[in-house]
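> If you read the protein sequences in the order shown, they are chains A and B. Quick note: the first sequence, position 93, residue 93 per our numbering, numbers continuous. Whatever position you read off the second sequence (first residue = 1), add 279 for our numbering.
Because the hints were derived from the structure by calculation, they are not lab data. Just so you know, even glycine gets a beta-carbon here, dropped at the ideal spot from N, CA and C. Heads up, a few of these hints could be off.
To be verified - Residues of chain A placed beyond 10 Å of chain B at every Cβ, according to the derived structure:
hint, residue
1, 13
2, 42
3, 59
4, 101
5, 106
6, 108
7, 111
8, 116
9, 154
10, 164
11, 204
12, 208
13, 219
14, 255
15, 264
16, 267
To be verified - Pairwise CB distance ranges (calculated):
hint, chain 1, residue 1, chain 2, residue 2, range
17, A, 195, B, 442, 42 to 48 Å
18, A, 202, B, 346, 46 to 52 Å
19, A, 112, B, 457, 24 to 30 Å
20, A, 59, B, 404, 45 to 51 Å
21, B, 442, A, 34, 32 to 38 Å
22, A, 207, B, 290, 30 to 36 Å
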Amino acid sequence: MTALFASTRAELLRLTKWRVTWLLIAVWLTLNVTFVYVIPYLSYRTGGGGEITDGQSPESLLADMMPTTLAQSLTQGMPLFGGAIMLILGAITVGSGFGWGTWKTVFVQSASRSTAFLGTLVALAVVVVGTVVTTLAVDAGLSVLVAVTEAQPIDWPPATDLAAGVGSGILIFGMWTAAGVLLGTVARSPALAVGLGLVWAMALENLLAAAANLLGGLEPITDVLPGRTAGSLAGSFGGGGTPGVLTILGGGTAGLVLAAYLLAFVVISLTLIRRRDVV
Amino acid sequence: MDDAVHVQDLLVDRGGHPVLRGISFTVPRGSVTGLLGPSGCGKTTLIRAVVGVQVVRAGSVRVLGEPAGSRALRRSVRYMTQAPSIYGDLSVAENARYFARLIGLGPAEAAHAVEQVGLADAADQLVGTLSGGQRTRTSLACALVGRPELLVLDEPTVGLDPVLREELWTTFHRMAADGVTLLVSSHVMDEAGRCDQLLLMREGALLADATPTQIRQRAGSDDLEQAFLRLIRTQGLAA
Ligand SMILES: Nc1ncnc2c1ncn2[C@@H]1O[C@H](COP(=O)(O)OP(=O)(O)OP(=O)(O)O)[C@@H](O)[C@H]1O
Ligand SMILES: [Mg+2]
């Protein structure tokens, strides 16, 4: 336990001293704020119906920016760009240890390889939870700002709704981070891992889904691909029409499938780390 | 069990070929032992076996009374790899603190290690922007953090100037006097002369396990470099 704590503290030091970590989180927050508040607000002020906001009416645009829809605001950008950003974080955290050759010494110095690796996973989990909670705080602040500016009542969503939103956010980000960790472990290089992951998340899943559409009968598989499952989980909070957000699976099913992916990615990575020779 | 390292009939294959062909030796505690031999003779492989990251075909490697690589040794054995294994996108101090945290130590121990390798002035510099020798020293600092019982250093002084090498060897001997055991690979002959004990290797076998004086006598040469060449050539013909 103390050994795991030591490894976690070391990895947290690395992650927090890394500029990349902060850059990725800043990019995510900027994208979230831009697509959830800035663009819809500008569109609302100019009468709505713009192409980028999917022809939504001003009323619907405003409603989507209110504190009541906080869970939706938090999760709607996660399946598409949020997930990709977390995948990059996971991939470079593990991949760069191979790239710089540091795992070699870290594995000798830690209580065991598993301890060192689990410490890395716990540290990443801390970053994921911190990012989701920060996003919620930023979104809450902005939704209140919009409500006050537009003289709307400030109604908060039920606590269960918020908790479900935060939990789902953690699950989506956690699954993508774990996917990055697995790719970093397999590729043993940050660049290759990031490249492979982005090809998968941005292109391959959609191509497969399109192929399934053409061929028919393959939907049971393509519906539960990682990115599309994340889309379904986000879709359970509304936000339909946002790219990447789907309503194929119910929220509960999607959550379970994502948890299974997360667990599988972690177990496979850990097994590889324990078994393979570190070069 | 007074030996820090005890290796018996060690056989190691790498990539399907024998790399260590039956090596036996001991390293006494509190000594500086040099590991020398031509490039590719198996120094790094032997070091990997001692720190317990090398798959071994046969033989035994015991370190501080435990099997090499066992959990009990994680805190007491430190390893500096031949190619620096530190984060290029962190600063010198951050790297040292990272490795300190791994073994449950704090920033004070990390700062001390950075001082020991003479990098206090560059502590906040990113490792990626350091010179080659500075990078080697950062890697060494990360191995020095805390109070190891056995320090295994794979060519720690490559690319360093004579003044720094002198300082580091003084540090090594001071640590040995404090009871730390050092196993240091090198290919610089004036460093061989500073070791208490020398292990001379050639093509995966041990040619000599002796003090520098004994090696000079055996080869009949006062110059250690000449003595090495003579030993390697004559024993090579005999083999
Ligand atoms: N992963 C590997 N797969 C196959 N062969 C390997 C591997 N690593 C090392 N070898 C071979 O094992 C032999 C010993 O290598 P080792 O790195 O131990 O040499 P060394 O004495 O440290 O050399 P140097 O002084 O150049 O560092 C070499 O012939 C090398 O080519
Ligand atoms: Mg070597």
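> Are the hints correct? Go through all of them and say.
Here is how each hint holds up against the structure:
1. The Cβ of residue 13/A does not lie farther than 10 Å from every Cβ of chain B; its closest approach is about 5 Å, which violates its non-interface assignment.
2. The beta carbon of residue 42/A sits about 37 Å from the closest Cβ of chain B, which is more than 10 Å, so the claim that it is off the interface holds.
3. Remark: the non-interface label on residue 59/A is consistent with the geometry, its nearest Cβ contact in chain B lying 48 Å away (cut-off 10 Å).
4. A beta-carbon of chain B comes within 10 Å of the beta-carbon of residue 101/A; the shortest separation is about 4 Å.
5. With a minimum CB-CB distance of about 6 Å to chain B, residue 106/A fails to clear the 10 Å threshold, and the non-interface call is violated.
6. Chain B draws residue 108/A into its interface by the beta-carbon criterion, the shortest separation being 5 Å against a cut-off of 10 Å.
7. Look at residue 111/A: its CB is around 6 Å from the nearest CB on chain B, not clear of 10 Å, so calling it non-interface is violated.
8. Distance check on residue 116/A: its Cβ comes as close as 8 Å (rounded) to a Cβ of chain B, failing to clear the 10 Å threshold; non-interface status is violated.
9. Look at residue 154/A: its CB is around 43 Å from the nearest CB on chain B, clear of 10 Å, so calling it non-interface holds up.
10. Remark: the non-interface label on residue 164/A is consistent with the geometry, its nearest Cβ contact in chain B lying 35 Å away (cut-off 10 Å).
11. Chain B leaves residue 204/A outside its interface by the beta-carbon criterion, the shortest separation being 29 Å against a cut-off of 10 Å.
12. With a cut of 10 Å on Cβ distances, residue 208/A stays outside the contact zone with chain B, its closest approach being about 35 Å.
13. No beta-carbon of chain B comes within 10 Å of the beta-carbon of residue 219/A; the shortest separation is about 43 Å.
14. Residue placement check: residue 255/A keeps its beta carbon more than 10 Å from all beta carbons of chain B (closest about 34 Å).
15. Under the 10 Å C-beta cut-off, the non-interface status given to residue 264/A relative to chain B holds; the minimum distance is some 28 Å.
16. Against the 10 Å criterion, residue 267/A stays outside the reach of chain B, whose nearest CB is about 22 Å from its own CB.
17. Against the hinted window of 42 to 48 Å, the Cβ-Cβ separation of residue 195/A and residue 442/B comes to about 45 Å, which satisfies the hint.
18. Remark: the range hint 46 to 52 Å for residue 202/A to residue 346/B is upheld by a beta-carbon distance near 48 Å.
19. A beta carbon spacing of about 29 Å between residue 112/A and residue 457/B agrees with the range 24 to 30 Å that was offered as a hint.
20. For residue 59/A paired with residue 404/B, a C-beta distance near 56 Å fails the hint of 45 to 51 Å.
21. Checked against the hint of 32 to 38 Å, the C-beta distance between residue 442/B and residue 34/A comes to roughly 56 Å, which is inconsistent with it.
22. The hinted range of 30 to 36 Å is not satisfied by residue 207/A and residue 290/B, whose Cβ atoms lie roughly 51 Å apart.
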